[in-house]
Amino acid sequence: MSGLLSFATYGELFDEDWPTIHVDEDWLPERFSMVQMCGSNYLHLRRMVRPDGPLALLHIRYFADERIGNGWNDKREDQPKTWATALGTLTLHRWAHDLARVRATLRRLPTRAELLTQLRSGNQPVPNASRAARSLLRTLAELQPGRANATKYQHWVRDVFMFLFGDVLKEPRLESRTLSGTLRRDITFRNAAEKGPWFDWKLQYQIEPLVIECKNTETLMYDDLRQTASYLGKRMGHLAILACRKNSGNDVSEMLNVLVTNDEKYVLVVNDDNLIDWIRLKDSGEDPTDAVADLYRSLREGVQ
Amino acid sequence: MTTSSVIKRLTGADLDATREFLRKQCYVEGRGFLSQYPDQGRVSCATAAICVYALSETGPLAQQEKDEFQRVLLAFRRNLTADHAGAFPRTTGDAGAWTTGLTALALASLGAPRRVIQPSVDWLLRTQAPNGGWNFPGTDAGNQRLIYTFYPTLILARCRRRLGDRGNKALARVSEFLNSCDEREESWWAPLREHLRLDRRSAEISANVRPLVIRYVWGALR
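The listed protein sequences correspond, in order, to chains L and E. When we follow this note's numbering, the leftmost residue of the first sequence carries the number 64, and every step to the right adds one. When we follow this note's numbering, the leftmost residue of the second sequence carries the number 326, and every step to the right adds one.
The set of hints was computed from the structure by calculation and includes no laboratory data. Beta carbons are placed, not taken as given, at the ideal position from N, Cα and C, and that holds for glycine. Possibly wrong hints are sitting among the right ones.
Pairs of lysine-lysine residues, derived as BS3-like cross-links and limited to a Cα-Cα distance of at most 27 Å, are as follows [as the list claims (entries may be wrong)]: (1) L:Lys138 to E:Lys349; (2) E:Lys391 to E:Lys349; (3) L:Lys297 to L:Lys265; (4) E:Lys333 to E:Lys349; (5) E:Lys333 to L:Lys309; (6) L:Lys233 to L:Lys138; (7) L:Lys309 to L:Lys215; (8) E:Lys333 to L:Lys138; (9) L:Lys297 to L:Lys309.
Not the full set, but computed from the structure, chain E residues with beta-carbon under 10 Å of chain L [what the hints assert, rightly or not]: (10) Arg334; (11) Glu345; (12) Pro363; (13) His409; (14) Trp513; (15) Leu517.
Excised from the complex, chain L in its bound form (with noise of 0.2 Å):
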């Protein structure tokens, strides 16, 4: 039990950055200082705490945060360091065997803001969903996947974007037109962010109009990729979103991988489990703009 209290003081440090605790020992006539980074904590907690846990998998988020190229650095800098890169390796590799052993299954690593929800939610009541937030996720559990439904579901995702993000992304627009007129973009957004990811991408990619594509379907098609990053060059920006209802396979990723690597296009892929996963964010009152980041983070480094 005192274990378990020490653990909820413990999970406390997470919430304004990731804590780090040097050792100093100044008595030394050499001084000798040492720095320990949280995310190999693990190793300590992995036998008392579930892998799939807020608590363990914020260990983890440390170390896909704060990766840097192929190790990692207890102090920021820009180049990995060796023992802290091998006890990264050494932490992921245990967690990934924990998570086989409980057989956990996990669609995604959560985002930090999501986990450390997660974790105060363990220790107080969950707040009921907002009438809008039930409302959504209700009307998803209704829609069937196929054409038939394909309108609705571009309703759907253009309401649950001005959900997420109605502070910054403005004036959506339904079926707005290329200027010669042949193609049809399902859903655009004015990107009126002033700071944050949003207005860097705006900067970094053109966005100022946001391209959101829908597929009410289960499977992504390469041509609903092709069609999609046809709409971006000069005009529309280089980063669209592509809503669908299940995950994409490796087919997909590589695709997406092409696109950036040839012609620079980002195409964040975004199903249902991730939506959901979104409203609930919002809805407690978190930015799920860090898990965007996230999903642009995971692309931009997979072509690495």
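We have chain L already, so just place chain E on it with the hints.
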């Protein structure tokens, strides 16, 4: 799905690439692993030990590689004076409990025979402070810290069966240290404290269960 592919999918980290980074960019043949960065010319025993341990625990190593790593680690070992026989220094200075415990663990993970590891374990048993902790190298009693107690405890717990009573007494003193150390109230150290408590408990259970198992097997055989 393989371990590497799960890790890659969920975290973006490529474990095969991190292992290659350690082997190819951080290792100086015949000398050890570079203490901080790939371009820094100084090798350290502590870094070599953590790298060897991580490489040997996260994937296969060829026997030739294992032999090479064992030679590299043992080259750091102090053998000249009886006081320090079996101990390892962090780099070139005083021998320390942290590095000695860690290097003994790395040697064990390489499959080094008992006679190779035993001098280090004996040194750790000799240098444990009466309060159950270990000092920072070169300091006198009173400077015991939880962090320096970690690796010695792990290797003692790993060798507890063959250490018998000596090992059990040392681990019992670690338990007392956990309740009295300066870091006992600090949140940061909670995972390490609980890890050591758990190892101590496992050692206790193992010591109690083993005679029962022997008695059972002996009874069944008879």
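Are there hints from earlier that the structure breaks, and if so, what are their numbers?
Violated hints: 6, 9, 13; rest satisfied.
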